[in-house]
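*Asks:* We have chain C already, so just place chain Z on it with the hints.
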Amino acid sequence: MPTIHIQLSGDAQLPTGQRVQVPGAQALIQRGPIINVAIGLERSMAMSLLSSGAKVPAPIVGLALIDTGASVTCIDNSKAIELGLPAVDTMKMMSASHDAIEQPAYPINIEIIGTPIQFGLPKAMGANLASQGLLALIGRDVLQLFTMFYNGPTGQITLSI
Amino acid sequence: MPILELERNYFQEILPSLLSSSSNQFAVVSGKELIGVYPTIEQAYSEAVKKLGLKDVLVRRVGEAEANVEIPALALGLLSANNPHPTIR
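Read top to bottom, the protein sequences are chains C and Z. The first sequence begins at 1 in our numbering and counts up one residue at a time. The second sequence begins at 1001 in our numbering and counts up one residue at a time.
Extracted from the complex, chain Z is given alone in its bound form:
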């Protein structure tokens, strides 16, 4: 199963109500349960650990989409590409 799929789907389900009640706060979702909504990500993390221990859990700001990241060296498999030609000095 894709990472946190259940949690991400549930987050999308409850997003309209979260947007009206807790916009810009950090929601903690475990399985199909909203654990809580907190003003900072640190508080969200702290409460998630207190309630669930070190468990995979979705922590996302209400109103924020999944992050798109750009890492060309990884995406293109160029992390340790070495130029076989001598360097011009």
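Next up, chain C with everything else stripped away, as it sits in the complex:
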């Protein structure tokens, strides 16, 4: 069973300007459960491109935040455009405070870096995530495949599929 175990770490700046290491638990509070991923074009599209002799865009590497509150997985809109991903549908993001927002849906493949784990998502929602330093939000459509252990006191997360 492929498993990934992540120990979060980080540093902070003191008022004196000195940088100090923060405990893993604090890093997990501040950053949330994040993993390194590579996102590329959905596999059947990539295979079709390859068979026609065209070049498949190279995957983009970045951080993904595991968000148990998100019903679907999201990719940053600007990175989706950079990858040349085609929009294949739209999704309505619901909100209690304002009207639903229509967002593009992109066909993607996600690889968890450092593991053999990868999976295709026919429709991931485009969202503006780059300003948060994120490439993706991993939602419950992906989490349904995983067992996740969130170890708050040690600042560790473990995922297995």
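Honestly, the hints are just simulated from the structure, not real lab data. One should not assume that every hint holds.
Stated by the list, open to error - Calculated cross-link-like contacts (lysine-lysine; reagent style DSS-like; alpha-carbon spacing at most 27 angstroms):
1) C:LYS79 / C:LYS92
2) C:LYS55 / Z:LYS1050
3) Z:LYS1051 / C:LYS55
4) C:LYS55 / Z:LYS1055
5) Z:LYS1032 / Z:LYS1055
6) C:LYS79 / Z:LYS1051
7) Z:LYS1050 / C:LYS79
8) C:LYS55 / C:LYS79
9) Z:LYS1050 / Z:LYS1032
10) Z:LYS1032 / Z:LYS1051
11) Z:LYS1032 / C:LYS92
*Replies:* Relative to the frame of chain C, chain Z by itself:
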């Protein structure tokens, strides 16, 4: 123009006939043209790329409405909200 507006409007126009002929299959629509209907989304994607290259195109299961998604952290702008108060330990 909103994303895939032409395609989504055309999909709605032809939906009654698609429902009677191709329910639960995946329709590929580009502009105001039905490119094809396929049994799986992978086949629909593969054919869409073969015929049109990497182009924006509507791929939707016949009988399925636009997806409504819930992402409170994005909808409420709370993605990197940090509690200014110390954590109780």
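*Asks:* Against this structure, judge whether each hint is valid.
*Replies:* Taking the hints in turn, this is what the structure says about them:
Distance check on the hinted pair: C:LYS79 and C:LYS92 sit about 20 angstroms apart at the alpha-carbon level, within 27 angstroms; holds. The suggested pairing of C:LYS55 with Z:LYS1050 holds, with an alpha-carbon distance near 13 angstroms, which does not exceed 27 angstroms. About 16 angstroms separates the Cα atoms of Z:LYS1051 and C:LYS55, which keeps this hinted pair within 27 angstroms; it holds. A hinted pair counts as satisfied when its Cα atoms are at most 27 angstroms apart, and C:LYS55 with Z:LYS1055 qualifies at roughly 14 angstroms.
At roughly 14 angstroms between alpha-carbon atoms, Z:LYS1032 and Z:LYS1055 fall within 27 angstroms of each other, so this suggested pair holds. Between C:LYS79 and Z:LYS1051 the CA atoms are separated by roughly 25 angstroms; this keeps the pair inside 27 angstroms, and the hint holds. With a C-alpha separation of about 24 angstroms, the suggested pairing of Z:LYS1050 with C:LYS79 holds against the 27 angstroms cut-off. Only pairs whose Cα atoms come within 27 angstroms are accepted, and C:LYS55 paired with C:LYS79 is accepted, the gap being roughly 18 angstroms.
A threshold of 27 angstroms between alpha carbons decides the hint, and for Z:LYS1050 with Z:LYS1032 the separation of about 18 angstroms falls inside it, so the pair holds. Between Z:LYS1032 and Z:LYS1051 the CA atoms are separated by roughly 15 angstroms; this keeps the pair inside 27 angstroms, and the hint holds. With a CA separation close to 22 angstroms, the supplied pair Z:LYS1032 and C:LYS92 stays within the 27 angstroms bound.
The structure meets every hint from the earlier list without exception.
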